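Full structure from sequences and hints, please.
Residue numbers (the UniProt record's numbering), protein chains in the order written: chain V, 1 to 365; chain Y, 1 to 365.
Hints may be right or wrong, so weigh each one.
Put simply, identical chains are the same to the list, so a pair is met inside one copy or across any two.
For lysine-lysine, the following DSSO-like pairs were computed, each having C-alpha atoms within a straight-line distance of at most 27 Å [what the hints assert, rightly or not]: (1) K310 to K362; (2) K223 to K10; (3) K181 to K10; (4) K325 to K310.
Hint data in this document are derived by calculation from the structure and do not stem from the laboratory.
Keep in mind that this is a model prediction, so the values were computed, not measured.
One-letter residues, chain by chain:
Number of protein chains: 2
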Amino acid sequence: MIGSRRPTLKPGGTIGILGGGQLGRMLVLAAARLGLKCQIFSPDPDSPAFDVVQNATCAEYADVEALELFAADVDVITYEFENVPAATAMILAARRPVLPDHRILETVQDRLLEKKFVAGLGIGTTAYADVASAQGLREAIDVIGLPAVIKTRRFGYDGKGQAIIRAGDDLDQVWDDLGTKSAIVETFVSFEREISVIAARGVDGRVECFDVTENEHHDHILKYSRAPAAIPDALAAQARDTAEKIAVALDYVGVLAVEMFVVPGASGPTLLVNEIAPRVHNSGHWTLDGASVSQFEQHIRAVAGWPLGKPVRRGSAVMTNLIGKDVLDYGRWLTVPGTAVHIYGKGPPLPGRKMGHVTEVKGRD
Amino acid sequence: MIGSRRPTLKPGGTIGILGGGQLGRMLVLAAARLGLKCQIFSPDPDSPAFDVVQNATCAEYADVEALELFAADVDVITYEFENVPAATAMILAARRPVLPDHRILETVQDRLLEKKFVAGLGIGTTAYADVASAQGLREAIDVIGLPAVIKTRRFGYDGKGQAIIRAGDDLDQVWDDLGTKSAIVETFVSFEREISVIAARGVDGRVECFDVTENEHHDHILKYSRAPAAIPDALAAQARDTAEKIAVALDYVGVLAVEMFVVPGASGPTLLVNEIAPRVHNSGHWTLDGASVSQFEQHIRAVAGWPLGKPVRRGSAVMTNLIGKDVLDYGRWLTVPGTAVHIYGKGPPLPGRKMGHVTEVKGRD
Numbered sequence: 001m002i003g004s005r006r007p008t009l010k011p012g013g014t015i016g017i018l019g020g021g022q023l024g025r026m027l028v029l030a031a032a033r034l035g036l037k038c039q040i041f042s043p044d045p046d047s048p049a050f051d052v053v054q055n056a057t058c059a060e061y062a063d064v065e066a067l068e069l070f071a072a073d074v075d076v077i078t079y080e081f082e083n084v085p086a087a088t089a090m091i092l093a094a095r096r097p098v099l100p101d102h103r104i105l106e107t108v109q110d111r112l113l114e115k116k117f118v119a120g121l122g123i124g125t126t127a128y129a130d131v132a133s134a135q136g137l138r139e140a141i142d143v144i145g146l147p148a149v150i151k152t153r154r155f156g157y158d159g160k161g162q163a164i165i166r167a168g169d170d171l172d173q174v175w176d177d178l179g180t181k182s183a184i185v186e187t188f189v190s191f192e193r194e195i196s197v198i199a200a201r202g203v204d205g206r207v208e209c210f211d212v213t214e215n216e217h218h219d220h221i222l223k224y225s226r227a228p229a230a231i232p233d234a235l236a237a238q239a240r241d242t243a244e245k246i247a248v249a250l251d252y253v254g255v256l257a258v259e260m261f262v263v264p265g266a267s268g269p270t271l272l273v274n275e276i277a278p279r280v281h282n283s284g285h286w287t288l289d290g291a292s293v294s295q296f297e298q299h300i301r302a303v304a305g306w307p308l309g310k311p312v313r314r315g316s317a318v319m320t321n322l323i324g325k326d327v328l329d330y331g332r333w334l335t336v337p338g339t340a341v342h343i344y345g346k347g348p349p350l351p352g353r354k355m356g357h358v359t360e361v362k363g364r365d
Numbered sequence: 001m002i003g004s005r006r007p008t009l010k011p012g013g014t015i016g017i018l019g020g021g022q023l024g025r026m027l028v029l030a031a032a033r034l035g036l037k038c039q040i041f042s043p044d045p046d047s048p049a050f051d052v053v054q055n056a057t058c059a060e061y062a063d064v065e066a067l068e069l070f071a072a073d074v075d076v077i078t079y080e081f082e083n084v085p086a087a088t089a090m091i092l093a094a095r096r097p098v099l100p101d102h103r104i105l106e107t108v109q110d111r112l113l114e115k116k117f118v119a120g121l122g123i124g125t126t127a128y129a130d131v132a133s134a135q136g137l138r139e140a141i142d143v144i145g146l147p148a149v150i151k152t153r154r155f156g157y158d159g160k161g162q163a164i165i166r167a168g169d170d171l172d173q174v175w176d177d178l179g180t181k182s183a184i185v186e187t188f189v190s191f192e193r194e195i196s197v198i199a200a201r202g203v204d205g206r207v208e209c210f211d212v213t214e215n216e217h218h219d220h221i222l223k224y225s226r227a228p229a230a231i232p233d234a235l236a237a238q239a240r241d242t243a244e245k246i247a248v249a250l251d252y253v254g255v256l257a258v259e260m261f262v263v264p265g266a267s268g269p270t271l272l273v274n275e276i277a278p279r280v281h282n283s284g285h286w287t288l289d290g291a292s293v294s295q296f297e298q299h300i301r302a303v304a305g306w307p308l309g310k311p312v313r314r315g316s317a318v319m320t321n322l323i324g325k326d327v328l329d330y331g332r333w334l335t336v337p338g339t340a341v342h343i344y345g346k347g348p349p350l351p352g353r354k355m356g357h358v359t360e361v362k363g364r365d
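Laid out in structure tokens, this is it:
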């Protein structure tokens, strides 16, 4: 569907990355191992990814001159977050290939368009309705029922921009609190578990999925990921097929994450797609230590036009996020045999801030 | 024996590294994963390690002002090569802790002092003699016999600064060709195999050795490393004990490599220590992919004052150096399942230049 220019970099080539957080930082480290350079573009002078590149651009995403200079310095451009402003992406795409194609962001930046896209592929999603007013919310609830979840259509993450609606809640108040003009309401799903599939797609169209990961959130923030997920093989295969189908339908190049719910059903558990993240994803961090090739390396290979690796899982992996003051415990984690410690180089350990993660890999399952 | 100041860094602390080659680069990448920053000091503007740090000092090792500024920027200093000039090390050590202690370099920079040190620990070495003239060479050969190996006492690596002497060679010519005033002559050892042990020692004195590695050189340059080495368990244990004994005797902090020969004997094979490298070592590159903690991370942990990891080998590993034009074959290596590709970000693939390496890890032995 999308026919962008797709370059093949040589060792020594430079990948431009929009965003300077931990995902950008880990992309840089993966690129460095392959002999590729990165340049980071981020408005935040304290970006942890700045530490690991020779050249960084600290500027606003609306700074056209900075974007032009950045584009001139690099061979291909990618991003570590999905909320790249459309104007930014367009300015860059006029000058250098942007991978994954920035037009994909139009779909996945908007929860309503994303739901429609997924449902249009014949993939199960939660029931949902478009809502643009308190009156619309009342009408949607009449159809969807309660409890339900309301989410802003754009810019939500880690539980921000969403709320659960229960019987008896004041719907006018809920609408006012959300502070948006466009939202979607979804059925509140009583899931058995949350899983995700990290899929990589190369310029040649080949898709490689990592083993399905099971995720546990605390306070809407990912706390633990376990791979492989404790689900039947057939369901795991279906989850991977679903992620592959989405990657192919988007003509995607790079790594994406598809979050799904496993819900109980009369004839066994079924899957509902919850969300697509068009980037490397926290639930794939275990691949750094638990697989022969990581999600970060797969993404770098894809955007560089290099062949994807064939991921081989090294055992069963448990990834624990170090959130806020959790990171102060790094000294203990350093002494746990077989455990890899990752610290992101951020400032103070504020509550809810992802400061690092640890991965324990054990045996071969 | 050596009581240097030994700091404990916090995440966000900065390690200064002398030398900007691939070893420095891989040290930087290991430090970054742990949330530690690095600053590289190297006289070579094309240093591959410059690519992965925000702050680099490109200056000569004799540039006192540059050294002072560098020391002021960092919390602790280490190095990626053993030929750090003594004056450089002294200037830095007066300002910041230098680990491993720079006085260790006086021993291991000089093949004669190194041999005496190892022999003094009751560890087997090849027979050797100090030589300072063509006449001295003749006298040494009378004692040692032929064939023999002559080596400059200082600054040799990858077969440079050494020659084999066979019966009938013109000893005056050999001496003139070596172009040195101080050399040692050693028995030419008919070894069964070459092995090495990578040992790490923490500030707390704890030593962790990786499994013994077997090394194969082509044209005096390491071509393949295999871990574990195909030697009896008792011999492997002895090799590790030998490396630990050396690390303890040096009061070493950081990673060192001990190269040994396995030589046939009437009552089974025995070990002779060939050389100590006071740094991370090419024969330990397999640990990046084949062990739960790499030699680079162990070195960073040690110089940061952090506890060492307990290395768990992930299977049998084969490391292949990509020398010169070997690196042009990276595209094929990228497609070999279970193989990790490392490219160092150097310039042209000159003959003999180490451009990268690949590691294949298979099963659990």
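Would you list, in rising numerical order, the hints stated earlier that this structure does not obey?
Hint 3 contradicted; others consistent.
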